[in-house]
Amino acid sequence: MNDEGGVFVGGGDRSAARQPDGERRVDARPNNGHRSANGRRPRILPYSWIIGQDAAKTALELSFIEPRIGGVLISGQRGTAKSTVARSFNLMMTGSLPVTLPINATDDRIVGTLDVPALLEGEWKERKSLLQEAGLGEVLYVDEVNLLDDHIVNLLLDVVSTGQLVVAHAVSDLRAEISFHLVGTMNPEEGSLRPQLLDRFGLLVEMTTESSVDVRARILDRVLEFDQVHRTGETPEYRKALDDDRDRMNQLREARDRLTEGGVVLPETARLQCARVAAALDVVGHRGDVTLARAAQAYAARRGAGVTEGADIQAVARFVLPHRRGAISRGGAATWSEADEATVRTVIDGDA
Amino acid sequence: MPEGGVAPLDVLVDCMALHAELRGLLLLDDQPGSSGERLAVVSQRLSATLRAVTGRPVREVRLGAGTSDDDLWAQLRLRPDPARQGVLLEHVPQPLLEQPRAGEPRVPLPLVTIPDLAIVSVPAARAIVAVAGAAVAVTERDGFSRQWEPTGAWVAVCDPAKIGSISPHLLDRFPLRASVSHLVMSATTATTDPGVPGSREGSATVWDGAPWPTMARPMIAEIARRSSADAQGLRRPIACARLAVACARRRGGERVEWDDVEMAMSLLAPPRSHPAADGPDTGGSRAPEGAADEAGSGADQASRPARRNQTVEDDPTLTDALTVADEAGLGLHVEHGGPAELTHQVPLPAGPAIRPPLYPEDDAEPLREIEPLRLLWTASHTVRQLHGQVIGTRTATDLRDIAVVPSLLRAAARHIARRPSRTSPGGPLLIGRGDLRAYRRAPVPEQMLILLLDHTARPGASWAPTLAGYLEWAYVQRARLAVIEIGVADGSDARPQLHAERFLARGILDPRVEAALAAPVGTATPLAHGLDLAQMTVRHVLRQGNALVREVYLVIATDGRGNVPLAASRLGESPPARGAAGVQDAIEVAMRLRGFRQLVVHVLDLGSAPYADLPTRLAEASGAVLPETPRE
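Top to bottom, those sequences are chains U and E.
First residue of the first sequence: 1, per the numbering used here; consecutive thereafter.
First residue of the second sequence: 1001, per the numbering used here; consecutive thereafter.
Calculated from the structure, these hints are not laboratory results.
Here the structure is a predicted model, which is why all the values come from computation and not from measurement.
Hints are not guaranteed to be accurate.
[Stated by the list, open to error] The following residues of chain U were derived to be distant from chain E, with all beta-carbon distances above 12 Å:
# : residue
1 : 117
2 : 118
3 : 150
4 : 189
5 : 249
[As the list claims (entries may be wrong)] Derived coverage of chain E by chain U (criterion: at least 3 residues anywhere in the stretch with Cβ under 8 Å from a Cβ of chain U; other residues may be distant):
# : region
6 : 1062-1068
7 : 1166-1172
8 : 1215-1227
9 : 1533-1541
[Stated by the list, open to error] Derived, one-sided and incomplete: chain U residues facing chain E with beta-carbon distance under 8 Å:
#  : residue
10 : 87
11 : 91
12 : 102
13 : 217
Backbone N, C-alpha and C fix where the C-beta goes; we use that ideal spot for every residue, glycine too.
Whenever a hint applies, use it, and build me the whole structure from the sequences.
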């Protein structure tokens, strides 16, 4: 990893508590994917302090409980806290921000090469690529994923679809098995995503602006409170939020363990329901059926159940299927309507 | 003007310095070409205040049409090797990264100025989206990584008339807005602001150790209520609330008062009446008395600064070009890349002193520029940006487009052999001339032709006679081609094809093009879906990635009689009732084609009675040209 970051010393010689602008005088962290050297939490709202956006939270939690779901794409208008939800979830679950692929990344950092800072000093040292780092932390986060350059998307698709990173050039001959799930955010106003990449996201969530005045006021209140915590230090409410985050993390880990250990059954009926639901909604390919079953199982694990039921399928269909329907291959947008919800209900009730 | 004569510039600048989450200011200026000095007034005030408040040096960074990724993030700079063995490479992070450097006890705070947001380069626009206002920013380039919490300030100028051509995503990164003339006029005439005791340079001591102000819930509810009709997410009310907090902080208050809320609202909310009457006590920005009492800090309890000298803004007769004495904030040190030194006369644009709306993009439709294909000289992308995708490297013959990492790898392979034994093999890497590699890139056509062919309206057996001029142009220019077909023959089961089909070709010699020109005609006309694919194609080639096309011709050959609604095309379902939904959807989608600076739309009018006006309506909606259409 890069040692260039170091400790951010900007801000002069005043103590943090006395800074007029309340800026914290410490960098988030020098390295990608780890907490800062001084252990401070990055300036991200605690997960339990995020108001609303239940769909995005649910999708992220399901993807954690069952990693084979394959990640989450959060799509929504600007100002809906897409990035905050994604980062805050990772922070809660792992204690660090996710490995991030920025839109300005060059391909050498994606597939890996020698450690350039070390090389400049004459030292021959290999350095893990972003994809390898993501494999260690399970998540590769891509903000504004629809703005990635095409050739970067190609690199990404190569690795995601084959599960292998193959690099062969003058100084490296690497073949590594890599597994991670993608978490992406995008604003659909800025352009669409290639269907091949879209299909690699197990779940799709459409985030919308909260319109209730009461909810908006609560969000404002929370944002101001967090601004204050950031300046003046932790409050009892903030500490409680971190405690709540820890509790939530433990619940999710427990659910994941239970699922991994076979503690959540997917009966034959539920499997058939998944296939029928996918067929009824014109889903292209079979990845949708499989992902629907896995997501439903994760949903059952999340609510503490031992058997996957029709209601679990009903709850997750809106995340799994919209971006796998025939319309996408025709250049259309991912859509999900009340009629689709009713179709799912009808299929499940018909099987019950 | 808020607070009876307190200069809005002072308030905004102080608040930006005092509240790191407010460090983005969009200046609306209908004459951005001559806004340099007005921007300089704002940036120099801000620079001084940031230095005073944060205790950090401020380094100005200017973004424009020619800004490249290397300018923004980091450069590898060559320096001579003392041992004369070659040259040494040094990694030089740019100020945006806020990276500590040897010998600098304090990391400079970047002050990013953007003289014209409408023509900013793609890398610069992406940097704004990625860094401005972000809690965390990341860069991963040329072997270097950094993740940091940005604290810099961003000030951009934008012509309200061109705001439709700017991505809303970009505009959203600036929480504060102001009319530049309104701001500068008030600043240049206002006297000392009683809200901030002491001089600006020494003003940081006023806030040192003061608690961060809290805001009562009724005030928060009021801001939320005011923004409830706003479908633009929560960034605007959040900015307003934070501005109120910063206003309280600015006057040293422990709590936000209703006056602070009023001031924030008056600075950020669009005016409801003539500004002469738009004082702090008018305009309905007062919270209900009950709410104020509930907050325990009614407006009347707050001491309101006395109204000071009448400012230029208050003069409703002001109609001619103005020159106003600049009485404050000059001569401030800008460490790097600062604007030209100000004269003491700041020219202001002509026009009445009415505050324009601060969010013009909400009301205005996306507007086409007058000369959409004529790139301003400053709007030209750099040569590197116009190059295509990297397909390999070659020996460099000059220092343009150097492939940094491959060059380093080649040098590394020869490193030990080059170092004489007396020198440590672990010393700095030497780069020889023969090590330098440049990128080999795929050529990128600078032009693109998009054909939207409505086969149900085709005037003959083939489109070739109708489209001959466009096809010749595409051949001569070696333009890329996208063909979108609608109304092709029904399927074998006689079901109409309800969706459009698209394919991309390197040029018109692609065999699919000839086939498309004479495709069998069907019965359905999913015009809206075809237009939707067209606008997505345009958006992709003009706005996504760095390898961008410079000009696009979209030719829509149709009679306008779309009979498949967009939703039906997407879902592949036959519409229950056809009616005019297909036409209406097509018009709505066509409107989204406005606002692309490098796009020219031609609608080939193939309409006939009784719906002969449909192509014209389509052209009006999309801002298209209606050329003479040759028919057989």
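Practice prompt. Tell me if chain U covers the region 1062-1068 of chain E under the three-residue, 8 Å CB rule, please?
Written response: As far as the region 1062-1068 of chain E goes, the hint is violated, because 0 residues have Cβ atoms under 8 Å from chain U.
Item to complete: Would you assess whether residue 150(U), listed as outside the interface, keeps its beta-carbon beyond 12 Å of every beta-carbon in chain E?
Response: 6 Å, violated
Worksheet item: Are there at least three residues in the region 1533-1541 of chain E whose beta carbon sits under 8 Å from a beta carbon of chain U?
Response: holds (count 4)
Discussion item. Just to make sure I understand the rule, a stretch counts as covered if three or more of its residues have a C-beta closer than 8 Å to a C-beta of the chain. Does the region 1215-1227 of chain E meet that for chain U?
Written reply: holds (count 8)
Worksheet entry | Hint status (Cβ of residue 102(U) to nearest Cβ of chain E, threshold 8 Å) | 4 Å, holds
Worksheet item: Does the claim that residue 117(U) lies outside the interface with chain E hold up, using a Cβ gap greater than 12 Å?
Response: Per Cβ check, residue 117(U) is inside 12 Å of chain E; nearest 7 Å; violated.
Worksheet item: Does residue 217(U) meet its interface restraint, that is, does its C-beta lie within less than 8 Å of any C-beta in chain E?
Response: Status holds, d = 4 Å.
Discussion item. Minimum C-beta separation from residue 189(U) to chain E exceeding 12 Å: can you confirm that?
Written reply: Contrary to the label, residue 189(U) does not stay out of reach of chain E, its closest Cβ about 6 Å off (not over 12 Å).
Fill in: Non-interface claim for residue 249(U), where every Cβ of chain E lies beyond 12 Å
20 Å, holds
Worksheet item: Given residue 91(U) was flagged as interface, is its beta-carbon under 8 Å from a beta-carbon of chain E?
Response: 10 Å, violated
Practice prompt. With chain E as the partner, please determine if residue 87(U) meets the hint condition of a C-beta pair closer than 8 Å.
Written response: Because about 7 Å separates residue 87(U) from the closest Cβ in chain E, which is inside the 8 Å limit, the hint holds.
Item to complete: Please settle this one: residue 118(U) was flagged as non-interface, so is its CB more than 12 Å from every CB on chain E?
Response: Given that some Cβ of chain E is not farther than 12 Å from that of residue 118(U), nearest at about 9 Å, it is violated.
Of the hints listed earlier, those the structure fails to meet are numbers 1, 2, 3, 4, 6, 11, in rising order.
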